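Engineer: Using the sequences and the hints given, assemble the complete structure.
Residues per chain are reported as follows:
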Amino acid sequence: MSVGIVLVSHSAKLAEGLAELAAQMAPDVTILPAGGLSDGSIGTDYDEVVAATQRADSGDGVVLLYDLGSAQMTAELAVESLADPSAAVVADGPLVEGAIAAAVAAQSGKDRKAVAEAAAAAGMPEDLEPAEPAAGGGDEIELELRNEVGLHARPAAVLVRALSAFDAEVTVRLGDQEADGHSVLALMSLGARLGDRIRVRARGPQAPAALDKAKELVDGNFGE
Amino acid sequence: MTCKADGVVAAVRAAAAVIAEHRVELIDLDRAIGDGDHGENMNRGFTAVVAALDAGAPETPGAVLKLVATTLISKVGGAAGPLYGTAFLRASAKLGTAGDLDAPALVDALRAGLEGVQARGKAVGGDATMVDALIPAVSAAEKAAGDGGDVAAVLAAAAGAADRGADSTVDLVPRKGRASYLGERAVGHMDPGARSSALLLHAFAEAAR
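Heads up: the sequence lines are chains A and B, in that order. So that you can map any letter, position 80 of the first sequence is 976 in my numbering, and since no number is skipped, the others follow by simple counting. So that you can map any letter, position 58 of the second sequence is 225 in my numbering, and since no number is skipped, the others follow by simple counting.
By construction, these hints were calculated from the structure, which means they are not laboratory data. What you are looking at is a predicted structure, and each value in this text was computed from that prediction instead of being measured. Idealized CB from N, CA, C, for every residue including glycine. Be aware that one or more of the hints could be misleading.
What the hints assert, rightly or not - Where chain B lies over chain A, by a calculated footprint (3+ residues, C-beta under 8 Å):
(1) 930-943
(2) 961-969
As the list claims (entries may be wrong) - Some chain B residues judged to face chain A by a derived CB distance under 8 Å, without partners named:
(3) Ile240
(4) Ser241
(5) Gly244
(6) Gly245
(7) Ala246
(8) Gly248
(9) Pro249
(10) Leu250
(11) Gly252
(12) Thr253
(13) Arg287
(14) Gly288
Structural biologist: Structural data, given as structure tokens:
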């Protein structure tokens, strides 16, 4: 027996695909999707979440993961409604990485608390390096963010995707913190906002081209 | 004046009618800053509530609210389902099995509902959510009951305050829910959840008159 896992998503496809993926890493763990509404549309279905939570519990309890806001509330409400609410716990973690980490932890026989902790710790933003000014060499440019949301999720993803095309190590610095230019989470963790000046540094054969691309994206407000 | 289960049923039916009447307005408010489904979701939920009441109304005010809660939780979807569901569930628990609802009990139920919403959604006043309608509503209800007001007076005071609270969300930067992703761009729009909260309280107040 092992801890069961329920994936609460607004999308049935997302929950099902993720259950399939996580099951690859944990063949003996019950991983149940609870995504979308019964008519196939986007949303969270409380009754389905409750039913999945009950089915996923083989005696060792259940860990629930969620995608966005109301999925969390629906999951928490479902847990509260159980005959024994202590049998299940809603984990605060990224859905995809958390599901994988939770599945692996459950597969290795960890208890409910440890499985939830594994989910919560998964995909944490990488530690930002304290940047040493001028360390490491390479080319560097300074750019001012003029888009509304700064280096938040979508712009960060746009930047990471663009930079991945170049053979270059790229870092982005704001103040005294530096983030890997290939990590969306690390870039978001910088908290760079409208009006902030970021310093982009690149090393490697295509460093100049990578910096040109970064400048083009920032100047173009990441297509916003 | 106090209120028995049939009075609560009448108020809930009135609320369903008001939500149906304002469905498009709520959709439009939500479309401006969210995903546009609030009116549809609320209407679906309250339509199901009416169907459940038609099938057999419970015998105490608390039991009526519990039926409302479980139906909304199952049928509304989106954030409003768990939020309103929790509000009605906590209010129902506060009323217990009492057969009569008087003004002090009503105030306790309203407060329990507000606390439930805040516990579920982690929102505080000023976040531009339904909490901004409910906080002043509960305060006004407490004052009205303290002044000796009956159930109708308490609900009327709560509804008026909820309106002003909902209006206040127009000028706020949302910090919870989907609207928070818009940040400053959401300023100038009323929060649809605050509006639906005010609408529900108005329907209850009208029914209690």
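Engineer: For each hint, tell me whether it holds in the structure or not.
Structural biologist: Evaluation of the provided hints:
1. 930-943: holds (count 6)
2. 961-969: Three-residue rule met by the region 961-969 of chain A, so holds; n is 3.
3. Ile240: holds, 5 Å
4. Ser241: Check passed: Cβ of Ser241 (chain B) comes within 5 Å of chain A, closer than 8 Å.
5. Gly244: Nearest chain A Cβ about 4 Å off; hint holds.
6. Gly245: holds, 5 Å
7. Ala246: Since chain A brings a Cβ to about 4 Å from Ala246 (chain B), closer than 8 Å, the hint holds.
8. Gly248: Hint holds; Gly248 (chain B) Cβ to chain A Cβ min 7 Å, cut 8 Å.
9. Pro249: holds, 4 Å
10. Leu250: holds, 7 Å
11. Gly252: holds, 7 Å
12. Thr253: Since the shortest Cβ distance to chain A is 6 Å, the answer is holds.
13. Arg287: Since chain A brings a Cβ to about 5 Å from Arg287 (chain B), closer than 8 Å, the hint holds.
14. Gly288: holds, 7 Å
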